[in-house]
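A.B. asks: Letter by letter, the chains look like this.
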Amino acid sequence: MAEAEVAEKVRMLDIYIMEKHYQVPEGLTIQTALEYCGYRLIRGCGCRGGSCGACATVYNFTHDPTLRYGLACQTAVELDMCVVQIPCFPTAKPIYDIKKLRPTVDQVLGIYPDLATCFGCNNCTQSCPQDIEVMDFMSAALRGDFPAVTAESFECVMCGMCAARCPQGLSPYNIAMLIRRLHGRYLLPKSKHLEEKVKEIEEGKYDAEYEKLRSTPMEELRHIYDERWIEPK
Amino acid sequence: MPYPPYMEESIRKLEASRQRRMKEEIPLISSDERDIIVRKYHPDYRETGKRKLLLGPNKDETMPEELANQLEGNSRVDPDKVDLSKIGYDVDVLIIGSGGAGLSAALLAQENGAKVLIATKLRLGDSNTIGAEGGTQAADRPNDSPVLHYLDTMGGGHFENVPELVWAMARDAPMAIKWLEDLGVNWDKETDGSMRELELAGECRRRVHSCKDYTGLEVMRVLRDEVRCRDNIDYIEFEPAIELIMDDEGQVAGAILVNLETNELSLVRAKAVIVATGGLGRLHTQGFPTTNHYGATADGLAMAYRVGCSLIYGDSIQYHPTGAVYPLQFVGILITENVRALGGQIINIDGEQVACNLEPRDILASFEIRECTERHKGITTPAGNVGVWEDIPLIDMIHGEGTIARRLPSLVHKFSRFNIDLIHEPVLVYPTLHYQNGGVRMDANSATEVPGLWVPGEVGGGVHGRNRLGGNATLDIYVFGRRAGREATRYAKEVKLGKLTLNHVRQWQKELEWLGIVKERPFSPMLLPNYARQPSDYLADLYTEKLQSGLVKLA
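Same order as they appear, the protein sequences are chains U and D. Residue numbering for the first sequence follows the working numbering, starting at 1 and increasing by one per position. Residue numbering for the second sequence follows the working numbering, starting at 234 and increasing by one per position.
A couple of the hints might just be wrong.
Taking lysine-lysine pairs in the BS3-like style, the calculated list, with each CA pair at most 25 Å apart, reads [to be verified]: (1) D:Lys-422 with U:Lys-199; (2) D:Lys-422 with U:Lys-192; (3) D:Lys-610 with D:Lys-292; (4) D:Lys-314 with D:Lys-726.
Restraint-style ranges between C-beta atoms, simulated for each label pair [what the hints assert, rightly or not]: (5) U:Glu-219 with D:Lys-729: 45 to 51 Å; (6) U:Glu-219 with D:Thr-295: 26 to 32 Å; (7) D:Glu-744 with U:Phe-89: 27 to 33 Å.
Hints in this document: simulated from the structure, not taken from any laboratory. Cβ coordinates follow ideal geometry from the N, Cα and C atoms, glycine included.
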């Protein structure tokens, strides 16, 4: 264990932040490496756990210019890595009223007419730090297969990298957003037991039972709690 | 970074006991036994790292030192240098923070006719909500009721919860789920539309609604999209509030915002202010790592305290029992409680269960701390962190192959980036700072003791007592966010604002001076933690060198 500890402490990696050279210990993420180098982050840092998409980063290597894409909080730094964060990218965000739409391709094309100009270059898929098959869901969108769009885009953190790389100026992550909402609202079957429970509560069905518990002495309440029936798994 | 060989040895023991453990049932301990183990091992009961507050509404109460420093902090503004006649924004309802509570409040306020401004420290929607994986409680199945939800929540909170708040939350829960369904959230459902619900620790029915293990992300995406689609809701990003503005009638009447990139101040006059700034994980109380997002620095608590709001259970912090310990990059991040709900057990170095995997969070965290300290049965990583195993592969043995991949895609994906295959290997866990159980005292509509100020979500306190159940945090934010948005708008239509003032700030600084602690306290709110390796020495360090963060005074 001691050796591993020492090894972790001593091995330093050369990296390049916006083309400026730094040395950082191995084992950091791009995000913690930035902080190690003295950056106090404002943009480009959010949940620090891979869920929010604030820290989209483009990187390559001194020996390999191929661009790669990752979330800074989820990507380990490697030797000779060159990193640039893209914390924001301009896209148009159309306004719509979800309650007045129908879940059809025509409606989606009405809001995002340029969707039809996608020519399948696959840049979007290659730029996704979440490894989503972006181009696949774009063609599913054009086919009107909204369940497929929802399933394939479900891990989208809306970092905007796909839009940044689209030669047609499309915004795949915004298009998927609209379609997921149409799917959730119109295509998933409604939950009947939920609707029934809402009605019962609004009619005050449980109010008396609550009032009774509310006035139950603490010792008795603890007893009721310990003895309550727990549904088997 | 796969596990080193000596850790693999312990994994072999865990695998050897798996068949036996599948049938092994450890009973839940009683509510009396809970009190004993929590008092002995839970960090809330440690003497160290705490102190008494010297001023403000909770004077003489003991708080974690890091929070006490924020509550007793120096204002970032000098009232004599701020021209209160230069109003930048004049609105009905100002919302500070844009997580689940803030955006729910914004939508309801707008629907009720208010002109709304959202001021947020990071991007719109960046919050703890977006990282919430587990799900949202709501008693909507036929064999369940809000009364059972109420009972579970009271018991989980050691019966110290404010009953009216718990009832408000349990009662409104199904309505909140329905509201989100109508906005287009893709809840996990069966083909007939019935909800696929999980039972988390401390719950007597299956009532946790999820969207795979991306629940918070899915809801946040929808709320954010809806806010962007509405007229009459404006939002400003990277512009947190640093002080509330009052009027001469003692009502909250706006806030001072700061542009984080240019340090320019803006004044907002608002008839009602909703502070929805969330919790305090980034204060790292008791030295714990945290699951929280970058901006969780107790800003709202500090600002509300300064206008005279008291805190309830401000000293009660939730340490989630399953924070990652290995690899180093993941220290502190959350392993969703759904893993335990699906059957994942907590295992020591010898392959033995530590406690029933369905104990509430504070109880299991206490058991883990006992296992790793007093009993020395934890596993130490090469970096020197200690933890116990959470046996994830067991889930596929219980529910069938493919369950882990289908139900926990986010988790599997994250660890695969570091060559750890959670379908076949366990994950090392230890308690991590997850949630502030207490907060600003409020009523069932999230109104504080000070007129004009509402505190829905994690910043408000009392709902969860001294321990929150899984699935009640995201519920809390939708329920109280909606209530606050509605109520604040009703109030805004009636209130008459007086003359704006910062006298409360003058008074506050006078008290700090009188106590002789001005130089010992940081500026607050903290706004962002400072993880940069070098101190930011190019900023004006006005007081002491001891201060590690929030060094700069803004006006």
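A.B. asks: Please write out, lowest number first, the hints stated earlier that are contradicted by the structure.
C.D. replies: 3, 4 and 7
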